[in-house]
Amino acid sequence: MSYRFPSDEWIKELSRLLNESESYESSAKNWEGDFVFEIQPDEAFPDTAYLFLGLHHGKSPEASILNASDEKPAAFRVSAPYGTWRKVIDGALDPIQGMMMRKLKLQGDLMKVMRYPKAAKEIVSCCALVPTQWPEA
Amino acid sequence: MWTFVSPRIVFGEDALDSISTIRGNRALVVSDPGIVKAGLAERVVDRLAAEGFQIHVFSEVEANPEIPTVQRGADIAREFEPDWIVAVGGGSPLDAAKAIWVLYERPDLQPAQINPFIDLGLRNKARLLTIPTTSGTGADVTWAIVLTDPIERRKMGLGNWENTPDLALVDPAMAAAMPRQLTADTGLDALTHAIEGYTSTWHTDMTDGLCAHAAADVFDFLVRAVEDGTDMEARTHLHHAATSAGLGFGNSMASMAHAMGHTLGAMLELPHGRAVSLCLPYTLEFISREAPDRAALLAARIGISSAGGEQGARTLAQAVRHLASQVGNPLSLEDAGISQADFESVLDKMVADAENDTQMITSGRSATSAELRRLFEAVYKGHAIGF
Ligand SMILES: [Zn+2]
Chain A
-16 MSYRFPSDEW IKELSRLLNE SESYESSAKN WEGDFVFEIQ PDEAFPDTAY
34 LFLGLHHGKS PEASILNASD EKPAAFRVSA PYGTWRKVID GALDPIQGMM
84 MRKLKLQGDL MKVMRYPKAA KEIVSCCALV PTQWPEA
Chain B
5 MWTFVSPRIV FGEDALDSIS TIRGNRALVV SDPGIVKAGL AERVVDRLAA
55 EGFQIHVFSE VEANPEIPTV QRGADIAREF EPDWIVAVGG GSPLDAAKAI
105 WVLYERPDLQ PAQINPFIDL GLRNKARLLT IPTTSGTGAD VTWAIVLTDP
155 IERRKMGLGN WENTPDLALV DPAMAAAMPR QLTADTGLDA LTHAIEGYTS
205 TWHTDMTDGL CAHAAADVFD FLVRAVEDGT DMEARTHLHH AATSAGLGFG
255 NSMASMAHAM GHTLGAMLEL PHGRAVSLCL PYTLEFISRE APDRAALLAA
305 RIGISSAGGE QGARTLAQAV RHLASQVGNP LSLEDAGISQ ADFESVLDKM
355 VADAENDTQM ITSGRSATSA ELRRLFEAVY KGHAIGF
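From first to last, the protein sequence lines are chains A and B. The first sequence begins at -16 in my numbering and counts up one residue at a time. The second sequence begins at 5 in my numbering and counts up one residue at a time.
Calculated from the structure, these hints are not laboratory results. Check before you lean on any hint, since a few could be wrong.
[To be verified] Lysine-lysine pairs mimicking DSS-like chemistry, simulated, CA-CA at most 27 Å apart:
id: 1; chain 1: B; residue 1: Lys385; chain 2: B; residue 2: Lys353
id: 2; chain 1: A; residue 1: Lys86; chain 2: A; residue 2: Lys(-5)
id: 3; chain 1: A; residue 1: Lys88; chain 2: A; residue 2: Lys(-5)
id: 4; chain 1: A; residue 1: Lys95; chain 2: A; residue 2: Lys70
id: 5; chain 1: A; residue 1: Lys42; chain 2: A; residue 2: Lys88
id: 6; chain 1: A; residue 1: Lys12; chain 2: B; residue 2: Lys353
id: 7; chain 1: A; residue 1: Lys(-5); chain 2: A; residue 2: Lys55
id: 8; chain 1: A; residue 1: Lys42; chain 2: B; residue 2: Lys353
id: 9; chain 1: A; residue 1: Lys95; chain 2: B; residue 2: Lys385
All figures in this text were calculated on a predicted structure; none of them were measured in a lab.
Sequences are here, hints too, so could you generate the full structure?
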């Protein structure tokens, strides 16, 4: 089974993997703050998509695709073109380096993110574990 | 795609004379009481005065600079309105000066908000000159700022490319009077930067040569400089190695030994260099169980072992232990005189802080909380890592 990116099934699978991850749970045990991932259009993907990932105290209580960017309030938003997301999920781009090079844009309380770098890394590791199907494939 | 940042660097004998090349009117000298007492701040102040600068000296920076200190320094900067911030000292005054500079230019920011994901818009009010007086931190050329939150007793890894110094004057004479123990601790810090910068998952073609060269020179010259403080050839190589390692790891990040060493230093009051270098052999062994190649490659490149794989990496770890013992440094926390009770009373916090230290993300192998606990216990007892 593989999951199309971006889709409701894909973000729900990521949420399920996070809930199974002991190392995510221990590194994010005090974390509070939901994320919206904004996938912006590029040559390979003509649409805009918003994926909501609820994160609370080392668990991911909910996840869904959104119809509009403000459908659900979220403390953090990460925006990047589709091709950049693909590189992150494929493990070809470290998202923290991507943010430093402004390839991914992070909005929210950055001080808080700086205090939980390992949790951020665990989320990305889990992204790489989702069997992903790309739209043009 | 990645980037490499560096200040202009003047290095070698009489590098300090290049103070005459900076243009400005008012200099805020940031230093610490020891540097003032040793007359090193005065050497800088005299040269600045000769160039016609108005000078204010802020010398209240403590070892492991705390947030209130840099806020006080920034208040003074706002009052004095310097066009140059001149940092003189080891890592603590240099890191404090970077933070003071940012807060002076950006009074809307809190120290903890200095992060690499925003545009700071510096250099509207001042520029930063760094003059290292130890041969270790590399803080003269890096953008990293390590500040301590005194309430949480936690070290925070902050910084932004923009707060890279404009000019670094790397003059071996400024570090020539370091006492034996400081020479050993700071030299081993430089070695830890070089090895972690080389083995970091963010290492690049631009950083590898700098790190390998610096590691080789610390292995070649540290014992000489510790045993004979007047050996200026050894001291000069070490002083340059510290800056080379700074350029390397400053652009590729350090790794797990720094993540563990930061909290170890904060909780058990060990000097930074001693704390991180004490952890280094253990973290090299731990990482090499899964990802030995970078350490093994470095071991081969600097002539320590051509074995490759885990054996090569473990030989590098042993070489670090051997060097530490040659310069009289402890190989375990027990050796360092830390009691079992003191160690156990802070172990939970050290595990939690190391796990979420920014330097952890570039480790070739990540560690769970349980593994970090076992690593700290091994560092306490001096047991090599087999897991
Ligand atoms: Zn260091």
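Taking the hints in turn, this is what the structure says about them:
1. At most 27 Å may separate the alpha-carbon atoms for a hinted pair to count; Lys385 (chain B) and Lys353 (chain B) meet this at roughly 18 Å.
2. Taking the CA atoms of Lys86 (chain A) and Lys(-5) (chain A), the gap is near 25 Å; set against the 27 Å cutoff, the hint holds.
3. Note on Lys88 (chain A) and Lys(-5) (chain A): the hinted pairing holds, with a Cα-Cα distance of about 23 Å set against a maximum of 27 Å.
4. Straight-line distance between C-alpha atoms of Lys95 (chain A) and Lys70 (chain A) comes to about 25 Å, which keeps the hinted pair within the 27 Å bound.
5. Distance hint between Lys42 (chain A) and Lys88 (chain A) is fulfilled; the C-alpha atoms sit about 24 Å from each other, no more than 27 Å.
6. Under the criterion of a C-alpha separation no larger than 27 Å, the hint pairing Lys12 (chain A) with Lys353 (chain B) is consistent with the structure, at around 14 Å.
7. Between the alpha carbons of Lys(-5) (chain A) and Lys55 (chain A) the distance comes to roughly 16 Å, so the proposed pair stays at or under 27 Å and holds.
8. In summary, the hint linking Lys42 (chain A) to Lys353 (chain B) is supported, as the alpha carbons are separated by about 22 Å, within the 27 Å threshold.
9. A threshold of 27 Å between alpha carbons decides the hint, and for Lys95 (chain A) with Lys385 (chain B) the separation of about 34 Å lies outside it, so the pair is violated.
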